[in-house]
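Undergrad: Here's the letter readout for the chains.
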Amino acid sequence: MNEMNEVRKPPVATTGIIGWLRINLFFNWTNSLITLFVIYCLYQFIPWILDWTIISADFKYNYLGEQITNQEMCSRNLDPENGGACWAVIYVRFYQFIYGFYPKVEVWRVNLAYVMLAFALLPLLYAKLPYRKYFLYFTYIFPVIAYFLLNGGLGFTEVSTNKWGGLLVTLVLGCTGIALAFPIGIMLALGRRSKLPVISMMCTLFIEFIRGVPLITLLFFGMVMLPLFLPEGIDMDGLVRVLVAVTLFQSAYMAEVIRGGLQAIPPGQYEAAKSLGMSYWRMNLLIILPQAIRISIPPIVNTSIGLFKDTTLVIIVGILDLLGIGRGTLADTNWLGLSYEIYFFVSLVFFIFTFGMSRYSLYLEKKLKTGINMGAD
Amino acid sequence: MRSNLGFFSDEKFRSIFFQTLVIGLFALGLFFVISTTSYNLEKRNIATGWSFLQNPAGFDISFSPFLEFKSTDTHLKVYFVGVLNTLLVSVTGCIAATILGFILGIVRLSSNWLLSRLVYIYVEFSRNVPLLLQIILWYSILIQLPRVKQSLQVLDVFYISNRGLYSPRPIFESGFSYVFIAIVLALISSFLINRWAKKRQDKTGQQFPVFSSSIGLIFIIPLILFFILGSPLSFEHPELKGFNFKGGLVIRPEFIAMFLALSIYTAAFISEIVRAGIMSVSKGQREASAAIGLKQTWIMRLIIIPQALRVIVPPLTSQYLNLTKNSSLGIAVGYADLVHGFGGISLNQTGQAIECMAIVMATYLSISLTISFFMNIYNRSIQFKEK
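Chains as they are written, first to last, in the numbering used here: chain A, 1 to 377; chain B, 1001 to 1387.
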């Protein structure tokens, strides 16, 4: 009688690896055909890409064992039959990719700034960081430190911005653009929702204008028109002019994202704050903005990803960011024809940063969702 | 103390005070900028005004499929060529990105794990690498294609080389305009038939074969007309003469690179939008439609897609706007669009930066506004209507 009560296990074909395979890959015959076709394509493609990128690639030495110093020494140029990527170009030019033409003696300053940047970002990324308050103080003064560290002054020798390049410029543009655009974006968002018609109209016009034109026209504006607008004697640095354009651009997008957050705040919050006798600024600073910004952090990260990718546009106005250094290297006769290696490397660096940011925004979204649900329950 | 500032705590007064202050500061800033700018322009001997538009450009534009362009043409014509090129790459890019994005978005939801993973990898790579880099990469692939003499031949009529894609150029003879008119009339009438059939079905429940009748109208009638008129269409084939092809239709690598990069990049975003849209339709809808016995394809067409579109269209609009604005990156590969042709070369030749940039910005603004205007109309038409 015991057999009757025994719990029967599900059929083998629906559980474990076999079950998973059946459900996800071989559910019916069309599905199976697709799976087989995809596997065939991958079988053709993956060995080839592995061979090109790793197995027959040169990293520092070619297949004769010589250290590669120009493209003629790459294995694939010596013997086109066997030889893959020639990563030696990245190896040789690595310094330029990371620091541009920053003097080698002073490069510790850039390294220190990179490390400090990581520490400054830490309290922004992890809300549960121990001693977060003190870390945040550091974050607030970091831009000042970074300015003197990178640019010079306060006893440091000056390194003019035309010597900056590569990842340094990409990070400076991205971080400064985002950091400056954040407060401006908040002001614009508040302005657009303001009850004063003149202010709301001006903010709306500004936001819609910036969002309606491509970034490249704003960069041209910064490069060609800004010098005409300023009185004689004020000579703006090229990087600063680009930064003005990038910040204007980003703040309009940031404003729209924050406005979305502001709209999500129930009117009861405004009414409650006003009934406590709070002024407009106190109400916004203490009640509304903290909540609105908390909701809009994921889209803020998303627009920041967009900006980070868009910083590559500065090569069009002659600033050498990571992609600019890549193109510059390609124009060098020593490294002609290695476009795939260089573009692959630059893409990879961007991918690491942007993919990391997008994962982080997803994580925040999940955390926020559960947080709000718990509050509602 | 308080009584002295009594008028200041009056909300009405404060509002007027601050707004006047802002207008005043703005006017002051504007005055400052205008006066310094006019001083600077005068000092640098830069001309002002719009007369430069009538001056000859003095440079050639290699890709101008709609207007014939010579170096003696005016800057105004450079502008029109630029606008047309911008619109060409934007419109073709939007169409391709939409088709690719919808396919990928649906495939991403496929029950086949491998396929959906593959699309996921594509989406992540394409979204997370800067567009400019992708444009430059495509361009560098295209210009590494074989030279003209060794060009790849596809289907005997297309030639692919590092100078672009050469294809036969259609030559429309006199009778072809009738065929064209027939196609336009057929499109209008099939649209009207579609509306009438929908109304009739709503009223009586009777169905009308809209699809097959439209196919008949749009393809078969013009085709019959075409043969009756004695095939008034011929092709001019490209021929290799010396170092280059003569005749035929040429699509430059700059355009192909822009088109590929823009559509592949935007398709990744659109596929995510489509995926989110389809997932937003609740499971109950699918189950209910299956319960009343609808076929799988009908469930998708009649139940899922119409509801998903409500979620899809607003973000899709902003993707179209992005694509149009991103087409300005053509300058990186020398695609003669609005920014490269007019805002770049013309600006450098005339030095009239303010006028050129103002025109370019105004044009982009109007294109953006036009797109959002039409997409808003479309969006309103598909929104849920309470009866």
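Worth double-checking, as some hints may not be accurate.
As the list claims (entries may be wrong) - Derived DSS-like pairs (lysine-lysine); straight-line CA-CA distance at most 30 Å:
no.: 1; chain 1: A; residue 1: Lys369; chain 2: A; residue 2: Lys128
no.: 2; chain 1: B; residue 1: Lys1283; chain 2: A; residue 2: Lys366
no.: 3; chain 1: A; residue 1: Lys133; chain 2: A; residue 2: Lys366
no.: 4; chain 1: B; residue 1: Lys1295; chain 2: B; residue 2: Lys1199
no.: 5; chain 1: A; residue 1: Lys60; chain 2: A; residue 2: Lys128
no.: 6; chain 1: A; residue 1: Lys195; chain 2: A; residue 2: Lys366
no.: 7; chain 1: B; residue 1: Lys1070; chain 2: B; residue 2: Lys1198
no.: 8; chain 1: B; residue 1: Lys1246; chain 2: A; residue 2: Lys195
no.: 9; chain 1: B; residue 1: Lys1149; chain 2: B; residue 2: Lys1283
no.: 10; chain 1: A; residue 1: Lys367; chain 2: B; residue 2: Lys1283
no.: 11; chain 1: B; residue 1: Lys1012; chain 2: A; residue 2: Lys274
no.: 12; chain 1: B; residue 1: Lys1295; chain 2: B; residue 2: Lys1149
no.: 13; chain 1: B; residue 1: Lys1241; chain 2: A; residue 2: Lys369
no.: 14; chain 1: A; residue 1: Lys369; chain 2: A; residue 2: Lys274
no.: 15; chain 1: B; residue 1: Lys1198; chain 2: B; residue 2: Lys1283
What the hints assert, rightly or not - In silico negatives: residues of chain B with every beta carbon more than 10 Å from chain A:
no.: 16; residue: Val1022
no.: 17; residue: Phe1031
no.: 18; residue: Val1129
no.: 19; residue: Leu1133
no.: 20; residue: Gln1144
no.: 21; residue: Pro1170
no.: 22; residue: Ala1182
no.: 23; residue: Ser1190
no.: 24; residue: Ile1264
no.: 25; residue: Ser1280
no.: 26; residue: Ala1332
no.: 27; residue: Ile1354
no.: 28; residue: Val1360
Unchecked claim - Here are the in silico distance ranges between beta carbons for each label pair:
no.: 29; chain 1: A; residue 1: Ile352; chain 2: B; residue 2: Gly1205; range: 53 to 63 Å
no.: 30; chain 1: B; residue 1: Ile1103; chain 2: A; residue 2: Tyr40; range: 48 to 58 Å
no.: 31; chain 1: A; residue 1: Leu125; chain 2: B; residue 2: Gln1383; range: 34 to 44 Å
no.: 32; chain 1: B; residue 1: Val1033; chain 2: A; residue 2: Ile265; range: 55 to 65 Å
no.: 33; chain 1: B; residue 1: Gln1383; chain 2: A; residue 2: Ile55; range: 52 to 62 Å
no.: 34; chain 1: A; residue 1: Ala272; chain 2: B; residue 2: Arg1044; range: 54 to 64 Å
no.: 35; chain 1: B; residue 1: Ser1110; chain 2: A; residue 2: Pro103; range: 49 to 59 Å
no.: 36; chain 1: A; residue 1: Phe351; chain 2: B; residue 2: Ile1143; range: 21 to 31 Å
no.: 37; chain 1: A; residue 1: Leu78; chain 2: B; residue 2: Ile1103; range: 15 to 25 Å
Bear in mind the hints are in silico, worked out from the structure with no lab data behind them. C-beta: ideal position from N, C-alpha, C; glycine also.
Undergrad: Determine which of the earlier numbered hints do not hold for this structure and return their numbers in increasing order.
TA: Per hint list: 5, 6, 7, 8, 9, 12, 13, 16, 18, 19, 20, 26, 27, 28, 30, 32, 37 violated.
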